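Number of protein chains: 2
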Amino acid sequence: MGRARARTRRAGRAAVNHHPATPARNGSTLHPLRAKRLGIETQHEPIVFTHADCPVARSEGFAARAQVQLSAGGRSALATLYQVSSDIVAVDEVGLSETVWHRLGVSEGTVIKVRHPQPLDSMSFVRAKVYGHRLDAERLGTIIKDVVAERYSDVQLAAFITAFSSQPVQLAEMVALTRAMVEAGDRLTWPGTPIVDKHSVGGLPANRTTPIVVAIVAAAGLVIPKTSSRAITSPAGTADAMETMTPVDLDIPAMRRVVEREGGCVVWGGSVRLSPADDILIRVERALDLDSPAQLVASVLSKKIAAGSTHVLLDLPVGPTAKLRTAEEAAELSAHLQAVAAAFNLKVRPLLGDGSQPVGIGLGPALEARDVLAVLRRDREAPEDLRSRAVRLAGALLELGGAVAEGGGEAVAAEILADGRALTKFMGICEAQGGFREPPIAPLQHVIQSPVSGLLSGIDNRLLARVAKLAGAPRSPSAGLELHVKLGDRVERGQPLMTLHGESPGELEYAWDFAKANPGVLQVSPR
Amino acid sequence: MGRARARTRRAGRAAVNHHPATPARNGSTLHPLRAKRLGIETQHEPIVFTHADCPVARSEGFAARAQVQLSAGGRSALATLYQVSSDIVAVDEVGLSETVWHRLGVSEGTVIKVRHPQPLDSMSFVRAKVYGHRLDAERLGTIIKDVVAERYSDVQLAAFITAFSSQPVQLAEMVALTRAMVEAGDRLTWPGTPIVDKHSVGGLPANRTTPIVVAIVAAAGLVIPKTSSRAITSPAGTADAMETMTPVDLDIPAMRRVVEREGGCVVWGGSVRLSPADDILIRVERALDLDSPAQLVASVLSKKIAAGSTHVLLDLPVGPTAKLRTAEEAAELSAHLQAVAAAFNLKVRPLLGDGSQPVGIGLGPALEARDVLAVLRRDREAPEDLRSRAVRLAGALLELGGAVAEGGGEAVAAEILADGRALTKFMGICEAQGGFREPPIAPLQHVIQSPVSGLLSGIDNRLLARVAKLAGAPRSPSAGLELHVKLGDRVERGQPLMTLHGESPGELEYAWDFAKANPGVLQVSPR
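If you read the sequences in order, they're chains B and C.
Heads up, the first sequence is in the working numbering, so the first residue is 1 and it goes up one at a time.
Heads up, the second sequence is in the working numbering, so the first residue is 1 and it goes up one at a time.
I should point out that these hints are in silico values taken from the structure, not numbers from a laboratory.
Check before you lean on any hint, since a few could be wrong.
Pairs of lysine-lysine residues, derived as DSBU-like cross-links and limited to a Cα-Cα distance of at most 35 Å, are as follows [said to hold, decoys possible]:
| no. | chain 1 | residue 1 | chain 2 | residue 2 |
| --- | --- | --- | --- | --- |
| 1 | C | K113 | B | K113 |
| 2 | B | K516 | C | K145 |
| 3 | C | K113 | B | K145 |
| 4 | B | K113 | C | K145 |
| 5 | B | K323 | C | K516 |
| 6 | B | K323 | C | K323 |
| 7 | C | K486 | B | K145 |
| 8 | B | K516 | C | K113 |
| 9 | B | K347 | B | K323 |
Quantities reported herein were computed from a predicted structural model and do not represent experimental measurements.
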């Protein structure tokens, strides 16, 4: 039995049945699909839908959940394709989620080409990293460029993030990752130095020192062009709180005008495209609740380097339910941050602080803004912990930026706050950003009283943040909670522990139910 | 300024505005949602949709892409929630993907409760693993139970898989993972021993020895209740090929009847629930193209242990584009498999083979089935490589199962095939499974000829599999390709290299385009 003959067994018959049509160079141009907007919010995850009988999906051989490339009018986007047997899309339509709709910039009915994406070659570098190899600057650069181009699925991003968390950190790799993230986005430049900045490593609710620190430092004559984030998993980000008082959605020219006039600003970082890889990676890191030192360092420093900062103060709250659990963890992170920053000629100073409980009274955008205003206005009822923390940070930043000699910063900061210059500067910044308004007050409030008398022995920051979010923060600006007690306080039965604020009865009920079901939120030990 | 006084600043006002309604015990019972079937195919990924103005989503505070728990009529399912602003769902509806629809077993309009899921506590064990800790049997058991309950998102599964791939393998952990996977599903038991089985570590197209091996071994009197998989990333799984000849979708009682009558079967493993965790993990492993030894071992062995096997032959094809690239890799994997199998009193024998090129002529369900039939029928044109490989495997399995003395297995297997007993047994098995039919032939075929004369110096198994899939395999049973040449063959210009088979012109065109654009599929070196 000849093998060669055996293997051509069916070839002869095939030649007879040979399909005569000339294959098109690109099958999808034969079957254009029309765009349909499905209005699906996916938090940046690009997903699209075709009908199960769609000829393009059939001829391209797309399986359910295939990665596909869409293009229209010179723009393109990658997306995960789902197949649909109902009438939400017709056979000649492709249904787009909001992310894809905006990325392609199409209109209803625009012709879209859908095809297999180019292979994601840089995933082989990720696999090499998983298997224990170091990544050099070039490979990390390729990966990060593909991440920013949104060519990575969330599952692939999870592998990248997990690989970094699974293996010991190496300085050269952290520097390379930071550099790759800086270079994959825009960079701001400012005339003159120093350009000062601050960053707080999260995990502590409220801690809304930034607007106060910016006001004090700018009033002292330093330049502090601050970009802040919105909440990802917390009840409010600095940008959310600031937005209850003034517009924060400024583009780069508008931000420049504010900084030129006032020496400082507090704008939302999302409207400037600094280290966009960080925004993508952080979403998956939060979903996994994973933080590798390498990624935390690259995340923090890439944003600062891209923002043109030269001197950065790092606020590192340490506490049992904060991101940094112990002083050792904070020290290790500080060492990494300083080593990597040095490679970029960036001066950083870490400042450890108490992270055992929220700072201030309010949790939620408007409630945190009210705390900020109370401190700036020197209200008798202003939260002392927020005031003293902001003064300490501002003082350290004044020293780091060279405005005040070492050891004298805190006194100067306290004076600028006390004599009203900080308030004047803050109002000037708000005016420059588009005008000041008072933060709103929630229409619905509910006081939660202590069921027993005793000592407040524990606060779970994560559960407390959850209560504020269930009450509607940050989506409803006035929602959240006020915390009326601090660790170590003597509490009487029936005494108010916290007040829930909400804009809808349902949300308030949910927050209340959750707080009742989780007594660990605030632990009162009878004594 | 008294801190206690400061912190009750707004409490007094709050008490006045105190929202008087009594909170409901469960907000979602106040606003039931009606099920709407959206017909979205997601390959087991559970996704659901609510309207942006849905009162439940608002009162529960669900963000876009929140994980939610749905329940109806005593059944529940976890899913990722997307919010929609178009009319594909109404404000009082929840739109279900097919996975969720079937898991809940609901009808159009059924009332569904949607709420926050219980926290996934076992994710903390995954994080511990990521940070380099070993997982004990109890923790692995908890993780795997949650995986089988579909409480893990794909992103979380990716972290679990990556963590295992990033770290050195330890025997105790592999045993614990295997045991956890066995215990999270059903187990088959059979009267008497031995119960023999075979498994091929994939990556090599076609290699469809299983139906032949089962026929030979069962004809020799051994019991071989074989469950096989469908294609995940290949042009055909054994179950797909077998299904072109006989039903494979048998439940456990039906499978038992076949095995009692014939001593063997070839059924689809998906209809019996053996090691269901493996089916879930493997989907994400394939998406990442990651395989850790621990997961490969647990995947292979958990299925075999759950199937009640006592003696398993492992077919390990080694080649540059197979899963196992070198003999060292195969030896290392064999050692792991044998060490873990020993802990379960399971005998395994690895058999290394040539994995440099496809086995047989056809790639695709019906084309591979035709190769199998040609061997069983002793056609003069039957592919010799498939015949000899199947005989070698069957011989080794006869020895492993004690039916033939060591060294004599291959001769006995060859005899059983040559004298027609294997064909008779195969037809008996097909009859018992529901009847035999001839595999279909594709209506459209296209021959690809060699553009040059020379020597066939390379075959890229992965690209070749891709061509067969673009032609429509395995979705279109008769689609795929026939390969007319083998490595080292002398090829003349114009000689047929392969014949594409398809059920639609578009798919055939795509396969053709891809083959032309990728000359590395078959490398002909001029000489």
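(message) Does K145 (chain C) sit within 35 Å of K113 (chain B), going by the straight-line distance between their CA atoms?
(response) The hint is violated at about 42 Å.
(message) Holds or violated: K323 (chain B) and K323 (chain C), Cα atoms, limit 35 Å.
(response) violated (41 Å)
(message) Check whether the Cα positions of K516 (chain B) and K145 (chain C) lie no farther apart than 35 Å.
(response) holds (29 Å)
(request) With a cut-off of 35 Å on the C-alpha distance, tell me whether K486 (chain C) and K145 (chain B) pass. (result) violated (40 Å)
(request) Compare the distance between the alpha carbons of K113 (chain C) and K113 (chain B) with 35 Å, and conclude whether the hinted pair is satisfied. (result) violated (39 Å)
(message) Hint check: K347 (chain B) vs K323 (chain B), CA-CA at most 35 Å. Holds or violated?
(response) holds (23 Å)
(message) What's the verdict on K113 (chain C) and K145 (chain B), does the C-alpha distance respect the 35 Å limit or exceed it?
(response) Violated, because 42 Å separates the two Cα atoms, which is more than 35 Å.
(message) Please verify whether K516 (chain B) and K113 (chain C) have alpha carbons no more than 35 Å apart.
(response) holds (21 Å)
(request) Starting from K323 (chain B), check that the Cα of K516 (chain C) is at most 35 Å away, please. (result) With Cα atoms ~54 Å apart, K323 (chain B) and K516 (chain C) exceed 35 Å; violated.
Taken one by one, the earlier hints fail for this structure at numbers 1, 3, 4, 5, 6 and 7, listed in ascending order.
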